[in-house]
Amino acid sequence: MENTSCNSTIVSAAIYPPIGVMRVGNSQSEYFIGPEVSEPLPQTPNFYRDSTGALKRQAARFRIYGLNAAGEVVKELTANNADITWHAQLANQKASWYNFEIALDIPEAAQADPSELRNKKIAGSTREKLLINGGKNTLSGRNITGEQHQFIGAFDEVSVYLGEMTTDSEGRLVMLGGHGKSANIHGDPAVTFGNNDGWYDDTSDGPITADVTVDGAALPVKPSWVVCAPPDYAPMQKSVRTMWDLMYDIAVDANMLPVPGKPSFTHDILPIFQRMTDLQWVNAGFAAGFGWQSPFDFTSELWLKRLSDPSPTWQESKRTLFNNFRQLDTQFDIGENPISVTAWDPTNTSLSPQQWPWIYGDAMSKESNSSPRQFLTLTRIQLKALSQWVSGEFIADYDPSQKTPTSIESVPIAEQPDMLTKAAMDFCLADAFHPGCEMTWPMRHIGMYSEAFRLRHADDTSPTHDINFGPVLTPHTALSFDGPINNGQIAGGITRWMAIPWQTDTASCRDGYNTALDPYLPTFWPARVPNNMLNKENYDKVIDESLPINERQAAFNEREFWLDDLPIGPTTDYKAQINDMIDNFDKLAVVLPKTEKGVTGFPTTMQVGLTPTSNDPKTVLRSTGQQQAKKGIRPDLSQTDKANRFKYKS
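With full-length UniProt numbering applied, the sequence shown corresponds to residues 1 to 650, in that order.
Among these hints, one or two may not hold up.
Said to hold, decoys possible - Listed below are the simulated EDC-like cross-link pairs for lysine to aspartate or glutamate, each with C-alpha atoms no more than 20 Å apart in a straight line: (1) 222 x 83; (2) 181 x 459; (3) 75 x 168; (4) 121 x 197; (5) 181 x 147; (6) 536 x 596; (7) 597 x 540; (8) 403 x 301; (9) 222 x 211; (10) 121 x 188; (11) 541 x 596; (12) 121 x 168; (13) 575 x 188; (14) 129 x 156; (15) 536 x 518; (16) 597 x 641; (17) 136 x 188; (18) 594 x 544; (19) 222 x 415; (20) 181 x 50; (21) 75 x 170; (22) 575 x 641; (23) 594 x 540; (24) 305 x 399; (25) 262 x 397; (26) 136 x 459; (27) 403 x 418; (28) 594 x 297; (29) 422 x 451; (30) 366 x 101; (31) 403 x 426; (32) 305 x 393; (33) 366 x 573; (34) 222 x 573; (35) 181 x 30; (36) 129 x 197; (37) 181 x 156; (38) 366 x 518; (39) 536 x 558.
It should be emphasised that the hints constitute simulated quantities derived from the structure, not laboratory data.
Could you build all of it, start to finish, from the sequences and the hints given here?
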C-alpha cells in the first residue's frame with residue numbers, strides 16, 4: 001500500500017512501533033511476532049508453546065515508513081525499495097542500579113525506605129561486573145539469522161544471552177529477547193519480590209536505529225526502542241488503563257498531541273467497560289462483579305444497548321456507573337473548555353477499595369491507608385471521556401457487525417504507524433507501578449520522550465556502571481534535570497527500574513492481600529499475570545450438557561489459583577513459591593479463548609487456563625490444588641514487603 005496523494009516525495013523516515021516489546025520464553029528456537037493490531041485474532045496453544053511445552057519468545061518486529069515534508073506516511077520502506085541497515089543495542093542494568101522501594105515521583109516516597117544501590121557491598125570499579133552489556137549489533141538484508149547477531153554479556157564471570165536480531169523476508173527487523181534464565185551466582189535463594197542481591201535475569205532494553213537510503217539519498221530516521229519483558233500469560237486481556245492510555249494522556253498534556261474532541265463510544269468508552277468484564281477470566285472477584293450474567297456484565301446485549309444510546313433515556317444509569325469510578329479531580333482541565341464532573345471533593349471516596357477499577361495503586365499497602373494513591377485511577381482523558389458520555393456528548397458509532405483489522409496489512413498505510421504503536425502499548429500495563437510488568441513509573445514523565453510514544457535517546461546510549469547519583473537515589477535526584485529520566489535514555493535504562501529477578505515479582509503480585517476484605521480483590525496485574533482461572537477440567541464440565549445444570553454452574557464459578565500449577569503445588573511457603581517460579585515459569589497456564597458453539601446457558605467463548613500439553617506433570621496436582629485451595633492453603637502475603645512498603649501519614 002502507498003500514499004497516492006500529490007505530496008509523495010519521501011524526505012525522512014521513522015521506525016515503528018516507537019517502543020517494541022519482546023518477551024522471554026524458554027523455547028530454544030521458536031518464537032511468535034507480538035501484536036501488530038489492537039484487536040488480534042485469538043490463537044491456539046501451539047502459537048505460544050513449542051512441541052515440548054516450552055513457552056515461545058515473543059518477538060518485536062520493526063518497520064520503517066517513508067514520510068513526506070508534512071510528516072505524512074507515503075509508504076513502507078523495505079528491502080524491495082530501499083537500502084536499510086539496522087542497528088540495535090541491549091543491556092541489563094538491574095543489578096547495578098538501585099533498589100525498588102516505591103515509585104519515586106509520588107509523595108509517599110519521602111516516607112518509604114531509601115532507594116539504595118543493589119549489591120551495595122560491591123563498590124567502586126568492581127561494580128562493572130554487575131552490568132550485563134550485550135553490546136551493539138548491525139545487520140542488513142532479508143531473512144538474516146546467525147550467532148553473529150546475538151547480544152551476549154556477562155554477570156560477574158557468567159555469560160548471559162540477552163537476545164538476537166534477525167530480519168524477515170522483507171528486511172524488517174525482528175528482535176528476540178532472553179530465554180527467561182535467572183540465577184544467583186552464589187547459589188543463594190531469592191528472599192523478596194523485587195531486590196535480590198547476587199541475582200541476574202535476562203530481560204533487557206535498548207535503542208533501535210537504522211540507516212536508510214532511497215534512490216541514492218540518505219534519509220534522517222526517527223529511532224525506536226525495544227524492551228524485553230516477562231511472558232504474557234493472558235494474551236487476549238487488556239487492563240482497564242493500559243500503557244497506551246497513560247502515554248496518550250501524557251502526550252496530550254504536553255501538547256505533543258491535540259486535545260481529543262468528542263469521544264467515540266466504540267474506541268474510547270466501550271473498551272473501559274469491556275475490559276473490566278473480560279478480567280473475569282483472570283480474577284475471581286471480577287468474575288463475580290463483572291462476569292457472565294453478573295449485575296455488571298458489560299458484554300451483554302442489555303448493557304450494550306444502554307451504554308451506546310446517546311439519548312437522555314439512560315442518562316441516570318450512566319451517571320450512576322460513572323460515579324462508581326475512582327476520581328481524584330473535581331474538574332478536568334484538558335483543553336479550552338474544562339468539564340466539571342462532580343460537586344463534591346471525591347478524595348475520601350477515592351480511598352475506598354469498592355470504587356472502580358478494583359486494582360491497587362502505586363502506594364498500595366495491605367492495610368487501608370489515607371493515601372489517594374492506594375488504588376488505581378483511570379487517566380484524566382479516560383475520565384473526561386466518561387463524563388462526556390454521561391452528558392450524551394459522544395460519537396454514537398457502535399456497530400456490532402463492524403469488523404476490526406486482524407492484520408497490519410489490512411490497515412490503510414497512513415494508519416499503520418499509529419496502529420503498530422497502539423498494539424504494542426495496549427498490551428502493556430500502566431497499573432500499579434509497584435514496580436510493574438513491562439515498564440514502570442518513569443514512563444509517566446514527559447522528559448522521557450522526544451515525541452508522543454517515542455523515547456528520547458541519550459547522546460551516547462551505551463550503558464554504564466558508573467553511578468553518578470550517589471549511594472542513594474532520592475526523588476529529587478531522580479526527577480532533576482540532570483537525573484536519569486530527563487537526560488535521554490541509555491541501553492538498559494528502562495528495565496533497570498524493575499524487579500530482579502522478574503519471576504519473584506510476577507509470583508508476588510496477586511490479589512486479596514487483606515482477606516478480611518476479600519480474598520480476590522483488589523488485585524495487581526491480572527491482565528498479564530492471572531490470579532484465578534477457569535481450568536480445562538472445569539471447562540469440560542461446563543460444556544458437557546449431559547451433566548446437571550447446577551454441577552455445570554458450580555464448575556463455571558470455580559476458579560483455580562493460577563500459581564497452584566507450579567511443581568511445588570499449593571503451599572504456605574512464600575519463599576519456596578517465588579523460587580519455584582524462577583525455575584518453572586513455563587509450567588504455568590496461558591489463559592486463552594475456547595469457543596464451543598451450541599452450548600446453552602453459558603458464554604459461547606470462554607477463556608481457559610491451558611498448561612503445557614506434553615511432559616505435563618500437572619494433571620494430579622491441579623485437582624489436588626483445587627481441593628487444597630478450598631482449605632485455604634496459600635502463602636501468607638500479609639507480612640511480605642510487597643504488601644507492606646510503608647505506613648502512609650497524610
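Hints, one by one, checked against the model:
no. : hint      : result
1   : 222 x 83  : holds (16 Å)
2   : 181 x 459 : violated (31 Å)
3   : 75 x 168  : holds (18 Å)
4   : 121 x 197 : holds (10 Å)
5   : 181 x 147 : holds (18 Å)
6   : 536 x 596 : holds (13 Å)
7   : 597 x 540 : holds (13 Å)
8   : 403 x 301 : holds (18 Å)
9   : 222 x 211 : holds (10 Å)
10  : 121 x 188 : holds (16 Å)
11  : 541 x 596 : holds (12 Å)
12  : 121 x 168 : violated (45 Å)
13  : 575 x 188 : holds (12 Å)
14  : 129 x 156 : holds (5 Å)
15  : 536 x 518 : violated (25 Å)
16  : 597 x 641 : violated (46 Å)
17  : 136 x 188 : violated (32 Å)
18  : 594 x 544 : holds (14 Å)
19  : 222 x 415 : holds (17 Å)
20  : 181 x 50  : holds (18 Å)
21  : 75 x 170  : holds (14 Å)
22  : 575 x 641 : holds (12 Å)
23  : 594 x 540 : holds (11 Å)
24  : 305 x 399 : holds (11 Å)
25  : 262 x 397 : holds (12 Å)
26  : 136 x 459 : holds (15 Å)
27  : 403 x 418 : holds (18 Å)
28  : 594 x 297 : holds (19 Å)
29  : 422 x 451 : holds (15 Å)
30  : 366 x 101 : holds (15 Å)
31  : 403 x 426 : holds (19 Å)
32  : 305 x 393 : holds (17 Å)
33  : 366 x 573 : holds (19 Å)
34  : 222 x 573 : violated (49 Å)
35  : 181 x 30  : holds (16 Å)
36  : 129 x 197 : holds (13 Å)
37  : 181 x 156 : holds (15 Å)
38  : 366 x 518 : holds (12 Å)
39  : 536 x 558 : holds (12 Å)
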